[in-house]
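Engineer: Sequence:
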Amino acid sequence: MIIACDLDGTLTDHDGVISAQNARSLLWARERGVICVLATSRPSRCLDLPKRQLALFDCVITCDGAERAFPDPAGVWLPMAPGDIDRAGIALQDAGVSGAYAVEFGTGLGHEKGFAGWPATDRGSPFRIGRLEALCRLAPVARVYFRPDASATCGAAADALTTAAGEGITVSEQTEGRGLVQFTHRRATKGEALRTWLDDTRHKGPLIAFGDQLNDLSLLDLADEAFAVGDAHPALLRRYSHLPDDDGSAVARAIRRVASRRPTITMS
1 MIIACDLDGT LTDHDGVISA QNARSLLWAR ERGVICVLAT SRPSRCLDLP KRQLALFDCV
61 ITCDGAERAF PDPAGVWLPM APGDIDRAGI ALQDAGVSGA YAVEFGTGLG HEKGFAGWPA
121 TDRGSPFRIG RLEALCRLAP VARVYFRPDA SATCGAAADA LTTAAGEGIT VSEQTEGRGL
181 VQFTHRRATK GEALRTWLDD TRHKGPLIAF GDQLNDLSLL DLADEAFAVG DAHPALLRRY
241 SHLPDDDGSA VARAIRRVAS RRPTITMS
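Going by my numbering, the first residue of the sequence shown is number 1, and it counts up by one from there.
Mixed in with the good hints there might be a few duds.
Claimed, not checked - The calculated lysine to aspartate or glutamate pairs, modelled on DMTMM-like cross-linking and capped at a C-alpha distance of 20 angstroms, are:
hint	residue 1	residue 2
1	K204	D221
2	K204	D231
3	K113	E133
4	K51	D15
5	K204	D8
6	K51	D8
7	K113	D58
8	K204	E31
9	K51	E31
By construction, these hints were calculated from the structure, which means they are not laboratory data.
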């Protein structure tokens with residue numbers, strides 16, 4: 001059996017770490033031979049976790065699937081092509097949308113001097129400051145963020161990027177706060193990263209997944225049984241059983257319930 005979980009909104013408590021109930025249930029599951037996988041969007045979030053909590057997982061997927069960070073750092077396994085990044089920048093210029101960029105190199109981060117707010121405020125991972133062109137030459141790029149100036153909108157930026165995307169990238173928009181637009185390799189999803197890791201390690205068995213946001217959908221779609229947690233995105237609530245947000249108790253009970261089943265993990 002394999003249990004795959006999102007981090008924030010799924011396993012965490014109000015302090016931003018995995019709740020005590022969920023940590024105990026994950027440890028209980030691992031002691032019974034269950035493979036546990038963490039799949040998160042922000043690399044710095046997993047680096048901020050206590051080491052004893054990272055040790056609960058056999059694999060940690062970050063950057064929404066573009067990087068495997070643990071146990072054997074595979075680095076950015078789906079880097080963005082330089083040509084795709086160039087086309088995105090040209091599309092924004094042609095649309096008259098100005099702003100600043102940040103980039104993720106897996107567990108590293110770089111941003112332009114004018115980029116304000118998250119993820120530039122994340123300091124759990126190494127960071128560099130420079131122009132986008134220089135940053136993209138430092139290491140394989142897992143994800144690019146663009147924050148429009150106050151005179152522009154995220155919608156205009158997302159529309160320009162989507163038009164220019166072609167087959168290479170996936171564009172998504174975050175409207176919280178000042179808002180930003182992010183783009184990654186089209187195949188960089190949590191579900192694809194987990195599928196590849198399971199194939200590489202030849203792990204087989206029923207897959208159970210837990211998540212709460214739209215970027216978890218590929219993970220839940222891959223599973224044999226899946227749960228939408230807490231204040232989940234409507235797309236997840238329409239498809240999957242709902243677990244309430246009750247300080248982790250419902251997720252912890254579900255982990256123990258599914259982990260008590262047989263068979264557990266097998267190797268082909």
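Engineer: Hint by hint, note whether the structure agrees.
Structural biologist: Outcome of the hint check:
| no. | hint | result |
| --- | --- | --- |
| 1 | K204 / D221 | holds, 17 angstroms |
| 2 | K204 / D231 | violated, 31 angstroms |
| 3 | K113 / E133 | holds, 13 angstroms |
| 4 | K51 / D15 | holds, 16 angstroms |
| 5 | K204 / D8 | violated, 26 angstroms |
| 6 | K51 / D8 | holds, 17 angstroms |
| 7 | K113 / D58 | violated, 37 angstroms |
| 8 | K204 / E31 | holds, 17 angstroms |
| 9 | K51 / E31 | holds, 18 angstroms |
When held up to the earlier numbered hints, the structure conflicts with 2, 5 and 7 and fits the remainder.
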